[in-house]
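Q: Chain by chain, the residues:
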Amino acid sequence: MVTRLALIKELASIVPENVVVVSSIGNNSAFWGELAEREANLFHATLGMCTPAAFGLAMALPRRKVIALDSDGNLILNLGVLGTIANENPTNLTILVMDNGNYLGSHKKEPGMPTATGGKMQLREVAKGCGIESAHRVQDVGAFREKIQMALKSDGPHFISAQIEAIDLDRPGRTKRVPDPRENKYQFAKYIERTEGVQILGGGLGNFG
Amino acid sequence: MKPEKAKLVVDGLKEAGVDFTAGVPDAQFIQVYKMLEADPDIRYVGTANEAEAVGVGFGAWFGGKKPALMLATSGLLVATYHLARINILHEVPLLVVIPYRGDIGDPRWMGLYKKTTEPGLNAMDIPYRVVSRSSEIVRTIKECNESARAWLRCIAVILNEEALW
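Protein sequence lines, in the order shown, are assigned to chains A and B.
All you need for the numbering used here is the position in the first sequence, starting with 1, plus 22.
All you need for the numbering used here is the position in the second sequence, starting with 1, plus 264.
Keep in mind that the hints were calculated from the coordinates and are not lab data.
In this text the structure is predicted, and so the values were computed from the model without any measurement.
Ideal Cβ positions, reconstructed from N, Cα and C, are used throughout, including at glycine.
Hints are supplied without guarantee of correctness; some may be wrong.
[Said to hold, decoys possible] Chain A is nowhere near these chain B residues, computed Cβ spacing over 12 Å in every case:
id, residue
1, PHE284
2, MET299
3, TYR345
4, GLY366
5, GLY384
6, MET388
7, GLU410
[Unchecked claim] No more than 20 Å apart at the CA atoms, straight line, and that leaves these computed lysine to aspartate or glutamate pairs for DMTMM-like:
id, chain 1, residue 1, chain 2, residue 2
8, B, LYS406, B, ASP275
9, B, LYS271, B, ASP283
10, A, LYS212, B, GLU355
11, B, LYS298, A, GLU110
12, A, LYS31, A, GLU168
13, A, LYS212, A, GLU110
[Stated by the list, open to error] Among chain A residues calculated to face chain B with C-beta under 10 Å, some are:
id, residue
14, LEU101
15, ASN206
16, GLN221
Isolated chain A, as found in the complex (with noise of 0.2 Å):
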C-alpha cells in the first residue's frame, strides 16, 4: 500500500500553481505546506469542514479548480456534503481523501482507532451512493495521478479515494514553518483579492460597498 507522503509530493508536482488546495487539519497540512509552497492553499481545515470549505470556494469561484485534500475521519464527521454537493454539481471540484481507515494514526508508531473505513464502509461507493458520478479509488502512485490528472483537466465533482498506509511511515523534513490559521486566512484572502479581482478583507475604515 502506498503512503500518504508518496501521493502529496505527487499531487505537489502536478497541481498547477492557481489551483485551490484546502487541506484537513493534521499531517495532510503539514506535509501540504512543506512540499508545496504555494499561496493558493487553505490550510487547518478541521473535522468536518474540509471538503464543506472546498465547496463553498467553488461555488464562489466557479471558474477556478479547487481540491479538497481531506481524509476519512474528517469528510465522515459532516458525510452528509456529498449529498449537497451531487445536487449543487460544481464541476470545478475535486473532493480527494487520504483513506488511512483509523483516526490519530498519522502522529502515533501504531494505527489509533479506526474510522468506519477501517470496518465496512467504502467511500468511492458511499459518493456514487450519494450522486456523484465520477467516483473513484486508487492504491498506488500510478492510479492516483492518473485520476489527478483527469480531475484536473475535466468537468466534475470528482471523487478520489486514496487508501493509504494506516501510520505515516515516512515523513518529510520540517523545513517550513506551515502558516498559523490566522496568518493563512491573510496571506490566502489577499491571494484571491489579487488573483480574482474582489473585496474580502476591510481596511477598518467602514470602506465596504
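Once you have looked at the hints, place chain B on chain A.
A: Only chain B this time, still in chain A's reference frame:
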C-alpha cells in the same frame, strides 16, 4: 410566519449586501428559505446539517462572497463546534440569522433554547442583537453584517416571536 415578515428578512440581507446563504430549513423560518431559494440575487445552499453550512459559508467568504447562515436555535447547537472554531481561531466573519424559538413569549414548549441560544453565542464570543420589532429587522441585519465584516467576527441577529409572527 407571514410572507411580509419573511420579506423583511430577505430585504435586510440584500441591504447588507449578502449574496450567499446556507442552512437547513426550519419550520418557523420556512418562508425565508423559500424566498432565498427563489431569489436570483442571493445564492442559497441547503446543507445536510448546520455545521456543514458553517464550512460552506467559510469557504464562500474566502471566495469573495458575503455569506450569511440561516440557523434555527436547534441548528445553532449543531453548528457550535465549527462556529466557535472559525470565530475564535480563524476569525472569519459570518452573519448568523436565527429565528428565536424559546424566547419569553413563545407559547410552544421551547424553553430549552432560552437556556442555550444566548449563552451559547456568548460562550463562542459571538456578539448578537435580539430584534423584537419587525420595523428593526432590515436595519439590524445591515448593521450586524457591516460590523461582522469590519471586525472579522461572526455576529448574530436573533429575531424573536414579536418581530416575526
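Q: With reference to the structure, classify each hint as holding or not holding.
A: Hint-by-hint comparison with the structure:
{"no.": "1", "hint": "PHE284", "verdict": "7 Å, violated"}
{"no.": "2", "hint": "MET299", "verdict": "19 Å, holds"}
{"no.": "3", "hint": "TYR345", "verdict": "8 Å, violated"}
{"no.": "4", "hint": "GLY366", "verdict": "26 Å, holds"}
{"no.": "5", "hint": "GLY384", "verdict": "18 Å, holds"}
{"no.": "6", "hint": "MET388", "verdict": "14 Å, holds"}
{"no.": "7", "hint": "GLU410", "verdict": "7 Å, violated"}
{"no.": "8", "hint": "B:LYS406 - B:ASP275", "verdict": "10 Å, holds"}
{"no.": "9", "hint": "B:LYS271 - B:ASP283", "verdict": "15 Å, holds"}
{"no.": "10", "hint": "A:LYS212 - B:GLU355", "verdict": "15 Å, holds"}
{"no.": "11", "hint": "B:LYS298 - A:GLU110", "verdict": "17 Å, holds"}
{"no.": "12", "hint": "A:LYS31 - A:GLU168", "verdict": "14 Å, holds"}
{"no.": "13", "hint": "A:LYS212 - A:GLU110", "verdict": "27 Å, violated"}
{"no.": "14", "hint": "LEU101", "verdict": "8 Å, holds"}
{"no.": "15", "hint": "ASN206", "verdict": "8 Å, holds"}
{"no.": "16", "hint": "GLN221", "verdict": "7 Å, holds"}
The structure does not agree with the numbered hints 1, 3, 7, 13 stated previously, though it agrees with the rest.
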